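There are 4 protein chains.
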Amino acid sequence: MSLDVEVYRRQGFGARLGVSGALGLLIVDFVNGFADPARFGGGNIVAAIERSAAALSEARRRHWPIVHTRIVFADDGCDANVFCAKAPTLLGLTESIPASAIVPELSPLPGELVVRKTAPSAFFETGLRSWLTQRKVQTLLVAGATTSGCVRASVVDAMSCGFRPVVLRDCVGDRLLAPHEASLFDMDQKYADVRPLDEVLKDLPG
Amino acid sequence: MSLDVEVYRRQGFGARLGVSGALGLLIVDFVNGFADPARFGGGNIVAAIERSAAALSEARRRHWPIVHTRIVFADDGCDANVFCAKAPTLLGLTESIPASAIVPELSPLPGELVVRKTAPSAFFETGLRSWLTQRKVQTLLVAGATTSGCVRASVVDAMSCGFRPVVLRDCVGDRLLAPHEASLFDMDQKYADVRPLDEVLKDLPG
Amino acid sequence: MSLDVEVYRRQGFGARLGVSGALGLLIVDFVNGFADPARFGGGNIVAAIERSAAALSEARRRHWPIVHTRIVFADDGCDANVFCAKAPTLLGLTESIPASAIVPELSPLPGELVVRKTAPSAFFETGLRSWLTQRKVQTLLVAGATTSGCVRASVVDAMSCGFRPVVLRDCVGDRLLAPHEASLFDMDQKYADVRPLDEVLKDLPG
Amino acid sequence: MSLDVEVYRRQGFGARLGVSGALGLLIVDFVNGFADPARFGGGNIVAAIERSAAALSEARRRHWPIVHTRIVFADDGCDANVFCAKAPTLLGLTESIPASAIVPELSPLPGELVVRKTAPSAFFETGLRSWLTQRKVQTLLVAGATTSGCVRASVVDAMSCGFRPVVLRDCVGDRLLAPHEASLFDMDQKYADVRPLDEVLKDLPG
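These protein sequence lines map, in sequence, to chains A, B, C and D. All residue numbers for the first sequence refer to this note's numbering, where the first residue is 31 and numbers rise by one. All residue numbers for the second sequence refer to this note's numbering, where the first residue is 31 and numbers rise by one. All residue numbers for the third sequence refer to this note's numbering, where the first residue is 31 and numbers rise by one. All residue numbers for the fourth sequence refer to this note's numbering, where the first residue is 31 and numbers rise by one.
Quick caveat, the hints were computed from the structure, so don't treat them as lab data. The reader is advised that the hints may include incorrect statements.
A pair holds if it fits inside one copy or across any two, identical chains being indistinguishable in the list.
[To be verified] Dumping the calculated SDA-like pairs for lysine to any residue here, alpha-carbon to alpha-carbon at most 20 Å:
1) K166 - E125
2) K166 - L53
3) K166 - W94
4) K166 - C108
5) K232 - R90
6) K166 - G48
7) K166 - G51
8) K166 - G141
Small disclaimer: the values here were computed from a predicted structure and weren't measured.
One chain only, chain A, in its complex shape (with noise of 0.2 Å):
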């Protein structure tokens, strides 16, 4: 990777963003249907959700506003798009079913939401950004899966809309390395920081 990182340092990409103002959590779809690979799981999934259980509660004990999102349609399937045209096992995440849930050691507490949603990103069409902006969060934490799917259009679009994200690099996990690892060159170098929690945290004031 060493020529390719070259070739972006070049012309100008990979600059780094660094933690300012206040911190927010996103997690990304850490749902039982993911964490299961025979459904949408696999690879290293599992391991990110363990890490991802000490991000949360670092966030908790630091009360940053914190988000989960989970991925939902309706029962009567109403709400299938295009990503479902794409994936239509996708249609089976309706609102009850254990699949859909967040995975118990991430569950949230009350005065984090959770935001439902039927698109990769976070913030389509979702009320996150709004919540974010009223909780002045400037610097937003990125754990979740999948890392080349939802994480990852969750965090162009966090830098879009003015946002500083920080990829928890062992938060994220997805049901293959090769996917996994693009994505993470892919946004070290042009949307987002992307470091392993103990070094973010280390860098934070206590």
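Starting from the known structure of chain A, fit chains B, C and D onto it as the hints suggest.
What follows is chains B, C and D alone, placed relative to chain A:
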């Protein structure tokens, strides 16, 4: 890649969208600065521009709605954003420098929409979405650069907005082939059909 | 009002949009709490609900896409926003209380989209826009409450998004007649056609 | 109006937002064409421009982020939309004609954002929202024209986006006083604080 495809197939991804309803053509950021390896170009971008000229010519012949995008920042830098914080060289793409102008081969004609943008997606805070709605576009053919950058971000948004994206495989390019191929794979599995121009045209009524 | 209309006419406002393309029906916030003068209701809202039942019945007969909206805030108040800061009583509209439920006369059927929202416009950070796009809606008939509030905000957005709004004059209501009439006037001049249901239906093919 | 206010008060509307966090100033569509009664002007618009010059001067002295909007359609009319279908004269507001230029009294300085728009709201498909987020604006003072048109649409969106709008009562104007007053009333009850400039400034630290 075949093992990878198998995982996606088993989980329900990779269905075909097909071509239906009115078609439109979106050409993303084919400006001089992205055709020039000394600025933001390289890889297979110049070849993709050549093929896009064929796509554009066909779109004009068939009277499809046509959109071109350019990245343009204000002369005084007052609209600098987080994207520029990751890639400060982007700020140099101001309205009147040659690097921000659409390449001569694809020069827009009257009636074609030219979208100025400051974020990866052609849809982000631009007039593209309502413009396509008013023209009843349902299937959006996509050309442009870079595959892993502004093309991919635009394709994700096109799908989320309810348009059916078809990525013209030979009409999109990137500064390096690895991110180009990785994003083609992701898009074909989850967001769009990825097909060469000739194959798409062959299926259309004359 | 005739002198006023003359000013608008001279400046070029008030042209007719007409009805074209596929139609859809949007019913804004006709929930129990807005039918009840002791909560958010009053004025001509109950009469508008009665007429909207006729509109809904006709829409179902003609198989138009149908959307209902409800204002719903989270049980724990975690999505309180600036709208609630202006009107704190809105926060009481939680998912399961009767006041937030759609009135029995207009109860949604399977296949009709129910949009939960926390802002005036039915389009703001909701899935409505992409849903209408996918159903190819071009002309959007609008009923609901209040005329000067969520109806008007939704109509402005519908027009901006590229849909042609028709406000069904006898199917929208407000807690007071003065803001009702003022908003009908503004919408008819600048954003929508404002016409009674019967007149709109009369012009349609059977 | 006092009986009306009582209805709103009893239902819980009309609370004060106050001024908090960083301030910004938004000046909506104060261009020559809206200062001219022969085009889109009239009523109290010229008086509102005079007072807005005082607001702008104060905003510059205090180094607030400042935004101006203009309605601008493409020279070839390729971005004509439903707004133009209601008011075809708007299409004449092209980039280089004097009618679309900001009035000399309010001429933008470098560093102030100029938003081109083709819809009523300053937020609709423009870069305004992310720009305000990046500048940490929380309270948005609003001047401009027309009160019942683009000012009101922008205020509703500002509130929905999570900004606290303050409409500067003497810095907004409309071609007729009836819609001006009706929209001030609606905004004050539901979307914004409506206060004269002097009163707002008096409450701020020097």
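Hint numbers the structure violates, sorted upward?
1
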